[in-house]
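Novice: Chain B: place on chain A using the hints.
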Amino acid sequence: MTNERYLIASYFVCAALSIALGILVCLYLRRPFASVADAASGKRLSWILKRLLPWGLVFPALLGFVSVSYQSCTRTTYAEIVASRGYLVEKNQEQISSVLLSILVAVLFWDVVVLLILRYAQNGRNGSQLRQMDD
Amino acid sequence: MSLELSAFLTLLVLSVAVPTILFLLLRSSLTDLLRHTLRLQAGVAFYLRSFLLVLFLSALSAAIGTSFDLKSGSPFMEYVWKGGEGMASTLEKTLWFVAIYLVLITILVATLKVKDDK
Chain A
0 MTNERYLIAS YFVCAALSIA LGILVCLYLR RPFASVADAA SGKRLSWILK RLLPWGLVFP
60 ALLGFVSVSY QSCTRTTYAE IVASRGYLVE KNQEQISSVL LSILVAVLFW DVVVLLILRY
120 AQNGRNGSQL RQMDD
Chain B
0 MSLELSAFLT LLVLSVAVPT ILFLLLRSSL TDLLRHTLRL QAGVAFYLRS FLLVLFLSAL
60 SAAIGTSFDL KSGSPFMEYV WKGGEGMAST LEKTLWFVAI YLVLITILVA TLKVKDDK
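Going line by line, the protein sequences match chains A and B. The opening residue of the first sequence carries number 0 in numbering that gives the first Met the number 0; numbering runs sequentially from there. The opening residue of the second sequence carries number 0 in numbering that gives the first Met the number 0; numbering runs sequentially from there.
The following block holds chain B by itself, in its conformation from the complex:
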C-alpha cells in the first residue's frame, strides 16, 4: 500500500472516530432533552438522526477533501503534516456545524418548551 493511501485511510479512520465518540457522548442527554421538549416520538428520532448526519457529513466532507498529492519520494513527515492539516480541517468543520445544530436545538427548546411549561 502506498504512503499516500495509508495517510488518507488513517485520516479517514480518525475522522470517523471523532463524530462517533461525540455522538456516543451526547446521545443520551440529547434524547432526554428532545423527549422533554417534543411530544412526538418521531420528532425525537428525526432530530437524533439529523444530528448523526451533521456529525458524520461534516467530518467526512473535510477529510475526503484533503489531498495527499505530494511529490514522489516525499519524506514521511510531510504526509504527517498533511494529515494534521486534514484533521484540523475536520475538527473545525465539525465544530462549526455542531454549533449551528446547537443553535437550532436551542431555538427548538426555546420556542416549544416555553409553551409546554405554561
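Just chain A, with the same shape it has in the complex:
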C-alpha cells in the first residue's frame, strides 16, 4: 500500500473510530443519565437533556479528530506529509489520542450537568419525586 493510499484509508478509519467511540461512551452513560434526568428534572428539560447527550459526546469526539493538523513546522506541503509512513502513523496516534481526550472533557462536562440537575432537584421543585424514587 502506498503512503498516499494509507493516508486516505487511515483518515477515514480514524474518523469512523472517533464517531464509534463517541457513540459507545454515550450508550454506556445513557441509561443512568436518563434515569437521573427523568427523576430529578421537569419533563421538558429531561427530554432536552436526553436528546443532547449523544450530540454532547459525538461532537467532541469529532472535534478532537479534526483538530489534529497534518501540517507541521517541518512538513508543510502535501508531498512532504506523504513522504514518510512513520509521520502518518504518528498523526493517526495523535488523532486517536485527541479524540479520547475530547470525550474525556465531554464526560466531565456531563458530570457537572448531572451535579446541577441533582442540585436543582434538591432545591425543592422535584423533591417529592426523589422521595418517591427512594421509597
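In case anyone wonders, no lab produced these hints; they're calculated from the structure. Any given hint could turn out to be false.
[Said to hold, decoys possible] Derived Cβ-Cβ restraints for the label pairs, each shown as a range: (1) R26/B - A15/A: 31 to 39 Å; (2) L69/B - P53/A: 37 to 45 Å; (3) L115/A - W80/B: 40 to 48 Å; (4) Y119/A - S27/B: 42 to 50 Å; (5) S71/B - Y10/A: 19 to 27 Å.
[To be verified] Not the full set, but computed from the structure, chain B residues with beta-carbon under 10 Å of chain A: (6) I63; (7) I104; (8) T110.
Keep in mind that this is a model prediction, so the values were computed, not measured. Note that CB positions come from ideal geometry on N, CA and C, so glycine has one too.
Specialist: Then chain B, alone, in the frame of chain A:
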C-alpha cells in the same frame, strides 16, 4: 513482531493496568460515598461509570499519543526510554484528571450532603 510494536503494546498494557488497579482500589469507597450523598441509585451508577471513563480515557489518551518512531536499528534501551516517557505522560494525565474528578465529587458532596444532614 517488531521492537516498535512490542514497545507500544507493552506501554498500552501498562496504561490499562494503572486505571484498572486504581478503579478496583477506589470503587467500593466511592460507591459508599455516593450512596450516602445521592438519593438516586442512577446518580451513583452515572458517577461510577464516568469515573471509570475518566481513568481509562486519560490513561489511553496519553499512551496512544506516544510515538515510537525511532531510527531503524536503534538500541533496545532507546525503546525503553521512550516507553518510560509514555508511562510518565500516562501517569501525569491520569493524575490530573483524577484530581479534577475529585474536585467535582467534593463539590457534589459539599452541595448535596449538607442539606441531607440538616
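Novice: Each hint: holds or not?
Specialist: For each hint, the structure was consulted:
no.	hint	verdict
1	R26/B - A15/A: 31 to 39 Å	holds, 32 Å
2	L69/B - P53/A: 37 to 45 Å	holds, 40 Å
3	L115/A - W80/B: 40 to 48 Å	holds, 45 Å
4	Y119/A - S27/B: 42 to 50 Å	violated, 29 Å
5	S71/B - Y10/A: 19 to 27 Å	holds, 26 Å
6	I63	holds, 5 Å
7	I104	holds, 9 Å
8	T110	holds, 6 Å
Figure legend: structure checked against the earlier numbered hints; the only hint not met is number 4.
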